[in-house]
Amino acid sequence: MKFRKLSAAFLVSLLQAPQLVAAALNATETDTQLVISNDRLYAAVQKKGGAIVKLTLDGTNLLGSPSGSTGIGPYLDCYCTPKGFWTPGSVAPEYKLFKGKDGKGKDYGGIVMSDTYTETGQVLEQYWFLRDGETGLHTFSRVAYHNEEQPFLRNLQELRTLFRPNNDMWTHLLTNTKQYAPLPGKEAKEKQVVVQDATWYLGNTPNDPYVKQEADYFTKYTFQDSWRDIDAYGLFADGSKTEDGDAYGAWLVMNTKDTYFGGPLHSDLVVDGILYNYISSNHHGDQTPLFAAQDAISSIYRPRANVDDDDDGEAGDREMAKIQKSSRFGEALGKGTFKGAADAEAREGPVQFEKDAGDPFNVDKFLSEVDQNSSSKRGYGLQDEDSRQSKRPRVDPDDDED
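Numbering (mature numbering (1 follows the signal peptide of the UniProt record, and there is no 0)), first residue to last: -23 to -1, 1 to 379.
Read the hints as simulated data drawn from the structure, not as lab findings.
Keep in mind that this is a model prediction, so the values were computed, not measured.
Simulated restraints, written as ranges between beta carbons of each label pair:
(1) Asp8 with Leu242: 44 to 54 Å
(2) Glu125 with Ala69: 16 to 26 Å
(3) Lys24 with Glu167: 34 to 44 Å
(4) Gly250 with Asp221: 15 to 25 Å
(5) Tyr72 with Glu167: 39 to 49 Å
(6) Glu125 with His261: 27 to 37 Å
(7) Glu125 with Gln173: 41 to 51 Å
(8) Lys189 with Gly250: 14 to 24 Å
(9) Asp223 with Glu167: 24 to 34 Å
(10) Glu126 with Glu164: 50 to 60 Å
(11) Glu164 with Gly98: 48 to 58 Å
With a straight-line Cα cutoff of 16 Å, these simulated EDC-like cross-link-like pairs (lysine to aspartate or glutamate) come out:
(12) Lys197 with Asp174
(13) Lys197 with Asp249
(14) Lys60 with Glu96
(15) Lys24 with Glu6
(16) Lys83 with Asp16
(17) Lys168 with Asp193
(18) Lys234 with Asp208
For glycine and all other residues, C-beta sits at the position ideal for the given N, C-alpha and C.
Kindly generate the complete structure, drawing on both the sequences and the hints.
Pasting the structure below:
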């Protein structure tokens, strides 16, 4: 099974006047890291783990310090193995480093991480690219599966990338121009009460900015949207918690919405302190693609190879001949003819049906009786007001006594 490469752009911005800088694109590799950088943005992928562990814009650390699964990203993970979640880069990752010029002559650098889940042979790959002069990463994700011994594996329940900072600089969440809110403060998080999966009650701190603007409850499900309604979404730092006092933004912009599983009509989680890029998920009851080897897929669906057959008058006969050879359909189809059809006489012109001269349901008799009764004094239905006799004399309101 192969998916086309699904792409998104992870953009970071410094909200101040643009600066003119000299071109300097770097793509380097050490024993522990691969780095792509230009004069403003620096991104380092740790070989042990397969995730970006350092991301800076104009010297400002956007991730904080790595700690477990926080302080890293963008990185790829999935809920797709027989055991559930898996983060590629944790088994035996392989890396490639790229550097070159794009079609417009602009310098770029790129990193590819590829890892294979040993038990099943599932392959997940993550791509990061950076152009000179840009403050955003172009990310691509790829999935492949080839296992003839176990052609049907499971569904691709979740495939996503995550930007997961571990610092206090980010102050707001933004889904779209209508849905945004400040992140809950320190006191609100200390006094929060767990309600259910990824849901907390914050009503114990009614003066918290999030509670005052948004709700008494915080959940990742509040900040979700339909792909067709999204232009960009992400995290915002208003400058109140940055060392230089500047405002920053970390935004995800979809390169195309059609190649996401479910297309533009899909809806999913986008941000909750973590910045998500859900390529596939079963949130909201959505269907997910199947992890299956190509031969297994072909047994379910096989696209027609000769797409030009629609213009061939004999293509239908050839296709019918192929179907007749199948033991599943040959007997039912009578090898190309309906059983008994050979005994029918030849016919010229359209089919003619004889008109029944009788009146099996006595419709004519019924209509005749209706016509006769329409002149009767006891007729019912719509009649002239003057010809209808009331069962009871009408009383004129003016005749009522006081």
